[in-house]
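**Q** Mapping the sequence shown onto the working numbering, position 6 (from 1) lands on 6, and the numbers just tick up by one.
Worth double-checking, as some hints may not be accurate.
[To be verified] Derived DSS-like pairs (lysine-lysine); straight-line CA-CA distance at most 27 Å:
1. K258 to K473
2. K215 to K258
3. K315 to K473
4. K258 to K315
5. K473 to K215
6. K158 to K112
7. K473 to K442
[Stated by the list, open to error] Have a look at the derived ranges for each label pair, beta carbon to beta carbon:
8. W318 to L133: 44 to 52 Å
9. N260 to N332: 39 to 47 Å
10. D403 to N260: 54 to 62 Å
11. V310 to L390: 17 to 25 Å
12. T71 to Q360: 24 to 32 Å
13. S60 to S236: 33 to 41 Å
14. V401 to R174: 52 to 60 Å
15. T469 to D110: 25 to 33 Å
Simulated from the structure, these hints should not be mistaken for lab results. Glycine included, each C-beta is placed from N, C-alpha and C at the ideal position.
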Amino acid sequence: MASADQELHVSAIRPRSYQDESYLHGFLGTVGDLQKAGVLQDVVLEVEGRRFPCHRLVLSAASPYFRAMFTSDMAESRQMTVVLLVASSEEFCSLSVNQLTEIISHDELDVKEETTVWEAVVRWVQHSREDRLHHLPSILPHIRFNLLTSDDTAAILKHPLVRENPGSSSGVVRNVAQKGNSSVNLRQGMETMEMVLLSTEERDELVFMNPREGKYISCNYVPGDLHYGRVMTVTSDNDIYLLSREGDVGIDRLSLFKYNHAENGWEPADMSAESGLVRPVGGWSQCDELILEIDGSFYLVVAMIGESPVVEMRKYDWHRNQWQECSRLHLNTSQRTLQPCGPHLYFLSNTEVHCYDPSQDRWSERSPPKLIPEICSTAAMGTEIFCTDLDFTQTMVYNTVSDSWQELQGWPDPGNRDVRRFCIPRLFVLENQLHILFEAYKRHGWSSGEYLVYVYDRSADAWRDLEATLPHKRIANSCPCPVARIHLPYLGESQKHITEVSSSS
1 MASADQELHV SAIRPRSYQD ESYLHGFLGT VGDLQKAGVL QDVVLEVEGR
51 RFPCHRLVLS AASPYFRAMF TSDMAESRQM TVVLLVASSE EFCSLSVNQL
101 TEIISHDELD VKEETTVWEA VVRWVQHSRE DRLHHLPSIL PHIRFNLLTS
151 DDTAAILKHP LVRENPGSSS GVVRNVAQKG NSSVNLRQGM ETMEMVLLST
201 EERDELVFMN PREGKYISCN YVPGDLHYGR VMTVTSDNDI YLLSREGDVG
251 IDRLSLFKYN HAENGWEPAD MSAESGLVRP VGGWSQCDEL ILEIDGSFYL
301 VVAMIGESPV VEMRKYDWHR NQWQECSRLH LNTSQRTLQP CGPHLYFLSN
351 TEVHCYDPSQ DRWSERSPPK LIPEICSTAA MGTEIFCTDL DFTQTMVYNT
401 VSDSWQELQG WPDPGNRDVR RFCIPRLFVL ENQLHILFEA YKRHGWSSGE
451 YLVYVYDRSA DAWRDLEATL PHKRIANSCP CPVARIHLPY LGESQKHITE
501 VSSSS
């Protein structure tokens with residue numbers, strides 16, 4: 001009887017719907033709060049030495065890979081810490097055939113090309129060829145041959161795994177290639193692109209660009225969605241935050257907004273604004289703010305320039321929902337270039353360099369370059385920080401491990417052109433390559449100027465003009481160029497703004 005009652009009780013709660021939109025938003029908001037507060041987390045993901053406390057339920061709901069991992073007899077389903085490796089890892093190769101086909105069937109795979117899916121299948125089969133080769137005919141239909149070129153398909157037909165089983169595998173390949181898959185959807189990664197986010201002089205406009213692909217998307221938001229004095233940053237989780245300034249009598253209050261990728265809109269960030277987000281006024285000739293992520297934590301950095309320049313910092317405490325003061329940095333220079341690199345923050349100028357260690361809340365002196373007149377822009381790649389001056393005549397790289405500097409080439413052939421100084425050059429890293437964006441004008445005669453994008457070839461120590469055709473927009477001066485992964489359909493589907501798309505051939 002007890003079991004019957006229990007069965008009735010279970011069946012009574014099963015039909016509950018999770019489709020209600022208000023419930024969905026409330027649920028996701030609560031999960032987000034729990035994640036930030038570090039509550040009820042039951043697994044730690046470790047990726048390349050970094051640890052991320054997570055919820056198994058959320059991971060399983062969001063990813064077929066994690067669902068397969070945590071609902072199977074895999075060792076990871078019982079481990080408190082799961083080390084994630086790439087698809088060639090032992091963990092991936094230990095998936096069952098059903099788990100493998102479930103994963104490769106999903107649209108959400110973050111792959112640029114369908115050949116990546118085929119290569120993963122090959123690695124899985126070759127891990128235990130004798131036991132798995134007979135599964136290949138049942139796996140192949142889940143590869144989207146309609147997304148492959150004829151050359152790719154021909155190469156698959158010639159692959160030893162297919163030729164070893166010509167009566168079944170090759171027939172499946174030909175059949176699927178001719179008829180096409182039931183799913184013609186692109187994988188998510190195929191419609192996702194790294195893009196630079198640029199603020200323009202238009203108050204309610206942002207430009208998303210990838211000059212390497214010739215893609216430029218201008219988004220004009222509803223008035224008031226974007227705010228004055230905006231500075232953006234992109235976190236390691238691809239979250240985009242915007243710091244804006246709201247002036248008032250005798251005080252400037254800073255507000256923080258988070259980008260909603262799916263809606264292509266901005267929402268107030270779930271952070272306290274009562275302490276820490278007040279901009280100091282009075283006694284300073286200039287005051288600049290940055291919002292940065294350093295080793296997974298949020299920092300508000302305010303550089304105050306006056307007779308006694310100082311950098312103030314506050315760290316956001318997710319558990320207490322408040323900002324905490326950090327060590328001040330007193331300077332002997334009015335230059336103010338700050339750059340996160342790895343687990344540290346660096347202040348860089350021609351005459352002094354300082355490194356902030358969050359684990360000790362302490363600044364320490366490092367070696368200055370003394371060779372570059374003024375550092376106006378920086379970008380980090382790995383353990384190195386690249387710097388350039390106002391005229392792009394010289395670039396340098398700082399090795400944070402060896403505390404050493406190296407001179408690099410600047411603008412290779414300016415000819416009769418100069419860099420327009422009121423729009424400073426900006427370094428950024430796109431698709432693992434260093435780029436620079438700047439405005440050039442002719443030295444003699446009137447010229448409205450043009451924006452140029454160069455890419456740096458480290459092996460040749462040379463800059464190459466991408467010959468990009470940027471939209472006719474006035475880019476806001478001195479704003480950094482954050483780079484984020486953007487799912488392009490989200491930009492086009494949003495109804496909150498007008499989108500102008502242009503591509504250069």
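**Q** Compare the structure with each hint and give your call.
**A** Now the hints, each set against the structure:
no. : hint                     : verdict
1   : K258 to K473             : 24 Å, holds
2   : K215 to K258             : 24 Å, holds
3   : K315 to K473             : 35 Å, violated
4   : K258 to K315             : 17 Å, holds
5   : K473 to K215             : 15 Å, holds
6   : K158 to K112             : 23 Å, holds
7   : K473 to K442             : 19 Å, holds
8   : W318 to L133: 44 to 52 Å : 49 Å, holds
9   : N260 to N332: 39 to 47 Å : 43 Å, holds
10  : D403 to N260: 54 to 62 Å : 41 Å, violated
11  : V310 to L390: 17 to 25 Å : 23 Å, holds
12  : T71 to Q360: 24 to 32 Å  : 42 Å, violated
13  : S60 to S236: 33 to 41 Å  : 22 Å, violated
14  : V401 to R174: 52 to 60 Å : 53 Å, holds
15  : T469 to D110: 25 to 33 Å : 29 Å, holds
Of the numbered hints stated above, those contradicted by the structure are hints 3, 10, 12, 13, listed in ascending order.
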